[in-house]
Every structure is written in C-alpha cells, then in structure tokens.
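S.K.: The numbers in the sequence shown follow this note's numbering, run straight up by one, and end at 339.
Derived by calculation from the structure, the hints in this document are not laboratory data.
With a cut-off of at most 25 Å between alpha-carbon atoms, the simulated DMTMM-like pairs for lysine to aspartate or glutamate come out as follows:
| # | residue 1 | residue 2 |
| --- | --- | --- |
| 1 | K246 | D176 |
| 2 | K205 | E125 |
| 3 | K246 | D232 |
| 4 | K165 | E221 |
| 5 | K123 | D190 |
| 6 | K257 | D267 |
| 7 | K149 | D159 |
| 8 | K69 | E261 |
| 9 | K289 | E136 |
| 10 | K156 | D116 |
| 11 | K246 | D267 |
| 12 | K60 | D236 |
| 13 | K149 | E214 |
| 14 | K289 | D138 |
| 15 | K69 | E153 |
| 16 | K165 | E96 |
| 17 | K197 | E221 |
| 18 | K166 | D204 |
| 19 | K75 | E249 |
Derived Cβ-Cβ restraints for the label pairs, each shown as a range:
| # | residue 1 | residue 2 | range |
| --- | --- | --- | --- |
| 20 | V199 | L288 | 42 to 50 Å |
| 21 | Q206 | M269 | 52 to 60 Å |
| 22 | G326 | A76 | 45 to 53 Å |
| 23 | E333 | Q179 | 25 to 33 Å |
| 24 | I151 | E333 | 50 to 58 Å |
| 25 | V199 | D275 | 45 to 53 Å |
| 26 | K75 | L200 | 39 to 47 Å |
| 27 | M293 | N315 | 30 to 38 Å |
| 28 | A76 | M269 | 14 to 22 Å |
Just so you know, these numbers come straight off a predicted model, no measurement behind them. Using N, Cα and C, we set each Cβ at its ideal position, and we do this for glycine too.
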Amino acid sequence: MSKKLIQFDWAIKRLLRNKANFVVLEGFLSELLFENITIEQILESESNQEEEDDKFNRVDVLTKNSKNELIIIEIQSTYEIDYFHRMAYGSSKAISENHKLGDKYSTVKKIISVNIVYFDLGQGKDYIYKGRTDFRGLHQKDVLQLSDKQKKTFLKEEVADIFPEYYLLKVNQFKDITKDTLDEWIYFLKNSEVRDSFNAKGLQEANQVLDIMRLSKEDQYGYNRYMDSLSLKASEMYTLETEVQFKVEDIAKNAIRKNFDNQTIFELTGLSIDKIEALRKEI
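Assemble the whole structure, with the sequences as input and the hints as a guide.
M.R.: Spelled out as structure tokens, the structure:
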C-alpha cells in the first residue's frame, strides 16, 4: 500500500527547511552519496527566495553538512537546453558567495551539486549520473594525484575531492523498478509515493512529513496553488509543442505538393516516413 504525497520540489521549498524535518533530506543525500550525511543548516541565498509569481519552476536549496561541505539541491521541472551550463554556474556561484575576500584559497569549500530534472537532458541510457574533475596526462594517460603533504594539509585523498562534484538524476528515465534503496528514492521523486516495503533512509519520515492531509489549511492552499501552476505550465508547453507540430506538418505538405520524395521531407522536417505517407493521403 502507498499514498500520494506532496511533490518533493514543493516540499523542499516549504517544509524540509525546518530543522525538525532535516532527516528527510539527510536520508536522501545519504542514499545518493553513499555516506551518512548530517545537515548542519540550510543556507539562504538570493536564489533560495520565493519568486513573486509563485510558479516554482525552479527550486534550489543550499545546505552545509557536518564536514563543512556545501551541497546544492536543484530541481527543474521543465526543459532547459542549457541546464548543464546552469549547473556549472550554480557551483561557481556557491564557491564565490561562500569565500571571503582575502582568505587563502585552501578555505574554498567543496561543492556537491545534486540536480533533479524532470526532462530528458543530454543523451544517455542511465537515469543517475555522477561527474568529477580528474586531470589526465595527455601523454602518459595517468591521473594526477595529490602529494602526501597536500593530503595531510587539505585532508583530501584525491584532486577531484577539491573540485565540485555533480550528480544528475533524470527522474523520468526511471522505469519504476526498484533494485536498491537509492532506486526507492528515485521512485518517490518520480511518483510522490512511498511503498510500505521501502527501507531507504528518510523515506518513512517523508511518508509522514509529506502527507497532504497533515498540512495546515494555509499550506494546503499553497500546495494546490503550486499544482495549478504546474498544470498551467504543462498546458503552455503542450500548446507550444502543438503549434510547432502544425508548422512542421505544413512544411511537409508544401514539400509534398512540390513532389519532394519522402527521404528529403524527412531530412527537412524530422517527421517519420509513416507520418509523411499519412500526410500524402490527406492532400
């Protein structure tokens, strides 16, 4: 049995910033990073503030863990072709905002950027990706390592431990087959449900904290407003995609009238051969 819960993107903006509810975010990050994460505090920045239009298309949270590392959690519900660039900007901005002028560079904080996206970003077969910075020799093909002195001074084992680390969760690519506790979290992120059989850290707490029926009337109103805004955004995107489709089909029909062959029309429009044949029958 499972029940429908509040979507994670709204919860992370409204409910999970409460210290009493840190256990939910801690559980998620612990499963993702394969280590026990303790959140010391939620850091406020300009990008954390609520937008006036209240559409919440983008959500991000900046947290600091017990190791004094900064963890960014970003959630993006609609397509952004340049999202990779935004990931790079977000980590760079977090570094600069949390480094005081005049301080030595060794105090630059490690950034872990966790990105949850609900659209197909890039090309790949997996639904969870991890990115690290390695320096590889152009000739010897070796990976550059820290010296023993650097390891002792910085308390780091690898060069990559100093640079930002990225996690990309392509939620809609997940096929709802849970093979481990991290998959249980991905299932929840996609479906807003926690099955009774799930044992992942933080999920049972999420099952309580994110129960819609437990919300105050004010929060229920806010959540319903948020869901309405998502429906509006989805409708806007559907309308735009439909208009584009009609234009593409008009181009194909004009090409058919000019006796273009199917392969040429396919190259011009991207429409399948079957669709082109169907359009031929309409003319």
